[in-house]
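Peer 1: Just so you know, the sequences run in chain order A and B. Start counting the first sequence at 1; every next residue gets the next number (the numbering used here). Start counting the second sequence at 1; every next residue gets the next number (the numbering used here).
Calculated directly from the structure, the hints in this document are not laboratory data. Predicted model only: the values in this text are computed from it and were never measured. Just so it is clear, CB atoms sit at the ideal spot from N, CA and C, and this is done for glycine as well. Misleading hints may appear alongside valid ones.
Stated by the list, open to error - Stretch-level coverage of chain B by chain A, calculated; a stretch enters the list once three of its residues show a Cβ under 8 Å from a Cβ in chain A:
#1 43–56
#2 225–238
#3 260–274
To be verified - Sample of chain B residues facing chain A (criterion: CB under 10 Å; computed from the structure):
#4 10
#5 14
#6 222
#7 284
#8 285
#9 437
#10 438
#11 440
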Amino acid sequence: MTTGALLFLIAAWTFVLGLTFWSFWRILRGKRHFDPDGIGPASPPEVGKFDEYGRPLRRG
Amino acid sequence: MSTQDQSHEVWGSRIGLILAMAGNAVGLGNFLRFPGQAAANGGGSFMIPYFISFILLGIPLMWIEWGIGRNGGRYRKGHIPGMFAAIWKHPLAKYLGVIGLVIPLVVLSYYTILMSWTLAFTWFSLTGDYWGRTTQEAMSEYLRSYQVIGDAAVHDYWVPFGFYFLALGSTIWVLSKGISGGIEKLAKIGMPILFLFAIILVVRVFTLGPGVNGVSPVEGYQFIYNPDLSRIGDAKVWLAAAGQIFFTLSVGMGTLQTYASYLSKKDDIALSGIATASTNEAVEVVLGGSIAIPAAVAFFGVAGAMQVAQSGSFNVGFVSMPIVFQGMPFGQMFGAMWFALLFFAGITSSVAMATPIVAFFREEFGMRREPVAWTVGAVAFAFGILSIFWFQYGFIWEWDYWAGTFGLAVMAFLEVVIFMWVFKPENAWRSIHQGADIRIPGVFKFIMTYITPVFLAIILGWWAVTEALPFLRLEGGVGAGGPIAPGTEIYVHISRLLLVAIMVFFVVMVRLAWKRNRYDDRLGFVEVEEPLEDTPGRALATERS
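Chain A extracted, bound-state conformation (with noise of 0.2 Å):
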């Protein structure tokens, strides 16, 4: 394989696997936040509790 061969393939490989990396990266990285849209609850949904019989507990 040749010098100029071999450089075409890197430069394309490395400008579409960038692409693709850094796209889902940034998709994967997005901010977890729990009121996109400002009308949700600011903090997420509790975990509910349970008794031994997996019934709800109730709180206060």
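Assemble the complex: chain A is given as a structure, and chain B must be docked to it using the hints.
Peer 2: Here is chain B on its own, set in the frame of chain A:
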């Protein structure tokens, strides 16, 4: 329940949406057309105009189509006539959009035939049906017997119909399950399988070692990337590269817009659009360029591989590759993987093709998804049967050229003009940035407004003069079909007549829809209010949280 409520669809997750969009774009061309085009157009020199076209044409069109689609979704319009009318308040807009219904239906009818070949050859590989046919001539005869009805030298008469029925049936079945329950699930299963099979095949090809000609598969890269810089100034190379970018991203089809119409204005399209385009490019350049041509170089030598590349995409996939698989251990398994990979690439594209038509009848006539999907399937089947019967007369290539090649460029040009010029660049730019996770560099506003339409106009003009007009006058053959045989012109006329009939049908249906729903072309549509829960794209916002 109102028409609009019945047409309610949502994406379940952002990754599902991107995989479905990428699945729509990744098709047979990524693995069959790209390597041949690169090799035949100067190798490394082809890659320069290819990437320039990707930046000036591919990425801008991707954002424009997502933008048009999501804007249409604001009025619950998942079809091009409605999307154009939502932007351009003129009676002509909806009729220009009819092209966005004709193209997907026509392409669906013949694309599923090509897909059925991949399904059939998956089976033939598993059963070793073509084993023993180790020359180009013998494999060509095998393929021809499958393609041409009446030539029962190898295959029974019913075999192509059976596989076509299965391929189209599976497409429509997925479609009938809806966006989240069908298309998204298929993408989440099909795309990882496609990636897995492609990676396994790449590894297998590069562990083959030097073939009978003493040439290593690595020399295949030399074949694709060798920089023949003398061809960089050749207009044909630039047009071939622009054409490849155009086809590989599935722009101009009307399908990306329908998928995007199920997003809300709070959802990002800027980053998702580039993720979709780059995923398609990674599959094409890295995986698509690393299987067929390197394998052909190892088995047939450099001169033989050049012949293979120039013999057309289908010969690469269905004639040369089966010969390669016969020469390797566990060839039946790898052959089945190759054709299954093509099948998944095909079905994730074919399901997208029917969605604009289903959206049109659901949104405008209040029909239910399943009956519409199966009716579209029945119509496509009827057209497909004609294509199978008249394959040897070039019927399929006539549709492939006018709808699947020239029509795409016309459609893309229309949508760039309507979105960037009629809607105005500022509105288009703002629309694309609504809910965006990234800020697109400002230079793209200039590119999308001026460069992309001029680029498209040049491509259209060139194709019109060098191909469309001669084809129209029956001078030479159309597309991959070769010259028209004397005495078979009648089939060309029938195929063109059918295309016109389909267009007239959709013009009438659009007219009826506008009358039925009392739309006023000058006032536009009423924006659909987004309920707090159950909003298209709401699921994405929820998932991000």
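Peer 1: Against the structure, test the hints numbered earlier, and report the numbers of the ones violated in rising order.
Peer 2: As far as the earlier hints go, 4, 11 are violated by this structure, in ascending order.
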